[in-house]
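*Asks:* Please model the entire structure based on the sequences and the hints provided.
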Amino acid sequence: MTNTHELPFTKREGTGTGPARAVRRAGLVPGIVYGGDGDPMSISVEGRALVRAIEQGGFMNSLFELQNDAGNEKVLPRDVQFDVVTDRPLHVDFLRVSDRTIVTIEVPVVFLNEEECPGLKRGGVLNVVRYTIEVNCRANAMPEHLEIDLLEADIGDSLHISAVPLPEGVTPTITDRDFTIATIAAPTVQEESEDEDEEGLEAAGEGEDGEGAEGGDGEEAGESAED
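Each number in the numbering used here corresponds to the 1-based position in the sequence shown with 29 added.
Among these hints, one or two may not hold up.
Claimed, not checked - Restraint ranges, calculated between C-beta atoms of paired labels, are given here: (1) R54 x H189: 49 to 59 Å; (2) T130 x L195: 17 to 27 Å; (3) G185 x R54: 51 to 61 Å; (4) A55 x E94: 20 to 30 Å; (5) D68 x T217: 51 to 61 Å; (6) D128 x E176: 18 to 28 Å; (7) T202 x E143: 22 to 32 Å.
As the list claims (entries may be wrong) - Below, a list of computed lysine to any residue pairs in the SDA-like style, where the Cα atoms sit at most 20 Å apart: (8) K103 x D66; (9) K40 x E75; (10) K103 x N90; (11) K103 x I131; (12) K150 x D186; (13) K103 x E35; (14) K103 x V132; (15) K103 x R41; (16) K40 x H120; (17) K103 x D116; (18) K103 x I83; (19) K103 x A78; (20) K40 x G67; (21) K40 x G56; (22) K103 x P172.
It should be emphasised that the hints constitute simulated quantities derived from the structure, not laboratory data.
Backbone N, C-alpha and C fix where the C-beta goes; we use that ideal spot for every residue, glycine too.
*Replies:* Take a look at the structure:
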């Protein structure tokens, strides 16, 4: 069961740029709740609480409970807009959900037993193709992460979605192929290039030529003296 978090909010009457700026000056973040059986509702979220929720990680995959006059509503974050300079949240969108709502989310991948992985112990490199996997699932059964075990992975192996144990009711959005999530690549060995070898040979040859030239000059000088 997915945990549900509380997020302080108030219903917001005014809409548009002017009221939104006034909300932000008060330390709040304007937002909207939409979807489900209800009408769109403009809200204001307590700014510090929203920042804390985002910084805890997994914000977009977390259920939140909002309370209003009509009762409690479960919502799922769908989008957050940030200030490009301060990185503070400027606006947040929530989707109304129920226990039966099917949602599409990005779930992070966690790799297990990296230290015991045969391929990595032999110097291989874990090449991650997908850090997250997009899945469909019920809103009340969203996985926090998906696990891939590297205990038997060796150099040259590819790890596909078929190797990931998916919770019940969780299905990848890509269904037409067994897509790759990661590979164990061979170690990269930096060898001396042929150009470096040739340069070394040329340098050695120049040294030998230089010694011969000095000897030749000496002999010529001796011959001149004899003459």
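*Asks:* Each hint: holds or not?
*Replies:* Hints and how they fare:
no.	hint	verdict
1	R54 x H189: 49 to 59 Å	51 Å, holds
2	T130 x L195: 17 to 27 Å	19 Å, holds
3	G185 x R54: 51 to 61 Å	58 Å, holds
4	A55 x E94: 20 to 30 Å	23 Å, holds
5	D68 x T217: 51 to 61 Å	58 Å, holds
6	D128 x E176: 18 to 28 Å	25 Å, holds
7	T202 x E143: 22 to 32 Å	27 Å, holds
8	K103 x D66	12 Å, holds
9	K40 x E75	12 Å, holds
10	K103 x N90	13 Å, holds
11	K103 x I131	13 Å, holds
12	K150 x D186	14 Å, holds
13	K103 x E35	10 Å, holds
14	K103 x V132	13 Å, holds
15	K103 x R41	18 Å, holds
16	K40 x H120	14 Å, holds
17	K103 x D116	27 Å, violated
18	K103 x I83	17 Å, holds
19	K103 x A78	17 Å, holds
20	K40 x G67	14 Å, holds
21	K40 x G56	15 Å, holds
22	K103 x P172	17 Å, holds
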